[in-house]
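Q: Read off the chains here:
Protein chains: 2
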Amino acid sequence: MGRWEPNARGRLAQAALDLYEERGFEQTTAAQIAERAGLTERTFFRHYRDKREVLFEGAPALAKFFVDTLTDIPDSVLPIDAIASTLESVATFFEERHTFARQRQAVIIANTELRERELVKLASLAAALAATLRGRGVPEPAATLTAEAGITVFKVGFERWVGQDGDRTLAHFLRESLAELRTVTAGRQPAPAADGS
Amino acid sequence: MGRWEPNARGRLAQAALDLYEERGFEQTTAAQIAERAGLTERTFFRHYRDKREVLFEGAPALAKFFVDTLTDIPDSVLPIDAIASTLESVATFFEERHTFARQRQAVIIANTELRERELVKLASLAAALAATLRGRGVPEPAATLTAEAGITVFKVGFERWVGQDGDRTLAHFLRESLAELRTVTAGRQPAPAADGS
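Protein sequence lines, in the order shown, are assigned to chains A and B.
In this text, residue positions in the first sequence follow the working numbering: the first is 89, and each later residue adds one.
In this text, residue positions in the second sequence follow the working numbering: the first is 89, and each later residue adds one.
Keep in mind that the hints were calculated from the coordinates and are not lab data.
It should be emphasised that the depicted structure is a prediction, and the values quoted were computed from it without experimental measurement.
Check each hint, because a few of them may be wrong.
A pair counts as met if it fits within one copy or between any two copies, since identical chains are not told apart.
[Unchecked claim] Simulated pairs of lysine-lysine, BS3-like, Cα-Cα distance not exceeding 30 Å:
1) K243 to K139
2) K209 to K243
3) K152 to K139
4) K209 to K152
5) K152 to K243
6) K209 to K139
Isolated chain A (complex conformation) (with noise of 0.2 Å):
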């Protein structure tokens, strides 16, 4: 029971995973979620608090991620550029984990208590950068007006990647998603859409 399990936490993930996606989140348990890793119960709940935070353990290390790229960028760059050139960064927290991210992204979209909980982790990473932004002096309402816009450049990018079969990278897509919101705000013509891209 104690001993030593290898990388007994990302197999716990990865069986999690599978299983809400063939079961769906609801239908599956704790016990079902151990069997399917080898490992047991107890072991399951020694690295879960339940089921849910298998989906959103990463949301601190982001949050701090996102913060940290932030804040270490200096104060005389605009803040649009500022959050463009974080979300450059977090794309590389990202980029080897497109199946992963698929996965969990299906599994969210199926469940309305699931898809609550991204808003919920999605409004925290804007009013988080938000502060951060004030921090550099950035004014209100400029501070919450461009965190959002950076959060929904990242969400809107995020599902594009991974919606897509192909190969091109998270950047790529948060690039283009703040280029397009650059041009739609802007009043210029909105881009046509392109097969998946």
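Please build the complex by placing chain B on the supplied structure of chain A, with the hints as guidance.
A: For chain B alone, coordinates are given in the frame of chain A:
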């Protein structure tokens, strides 16, 4: 019991808001709301499914108003201008209700569950606007980005409107927020913060 009670619904809503503000949402019961309104608990439940519904009963009408207004704007109008025009109309929906909106906002901010419900409401509004824009022929990702930008402007402008003691209109704050979003996304210096405006 079954007798006609003049404006029971409005009296219940006002009593509920007053109690949520005085005692907190969690600490208020349907029986207390009914008592404050001089009505019975049974009358409360004839009008509202639960005490949360008092705060969100306007959501479907607001979504319909947003969508109908946007739909009525000629397709030749640029997406961001159509959203700006929609926000102007939506402002008229609220101008007479500053006190109610202010009270409601304070109650929502004080409660995690209500804040989450409000996020879900705003996300639904954005999704409805994006679908309407797609129906106008706006491609993705422009449709979602424009809709999300519009809801961000609505949220930020609305919060600034309820947060002020002065008599500036919601339309003023929505215009200000949209102008500021356009400024920051264009990479121009944000406007300095003006006191409470």
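Q: Hint by hint, note whether the structure agrees.
A: Against the structure, the hints come out as follows:
Proximity of K243 to K139 under the C-alpha cut-off of 30 Å is restricted to the intra-copy arrangement: shortest distance 23 Å within a copy versus 32 Å between copies. Taking the closest pair of Cα atoms, K209 and K243 come within 30 Å of each other both inside a single copy (11 Å) and across two copies (17 Å). In this assembly of identical chains, the alpha carbons of K152 and K139 lie at most 30 Å apart only when taken from the same copy (23 Å versus 37 Å across copies). Taking identical chains as interchangeable, the C-alpha atoms of K209 and K152 lie at most 30 Å apart whether they share a chain (13 Å) or sit on different chains (27 Å).
In the homo-oligomer, the alpha carbons of K152 and K243 lie at most 30 Å apart both inside one protomer (17 Å) and across protomers (25 Å), since each shortest distance falls under that limit. In the homo-oligomer, the alpha carbons of K209 and K139 lie at most 30 Å apart both inside one protomer (17 Å) and across protomers (26 Å), since each shortest distance falls under that limit.
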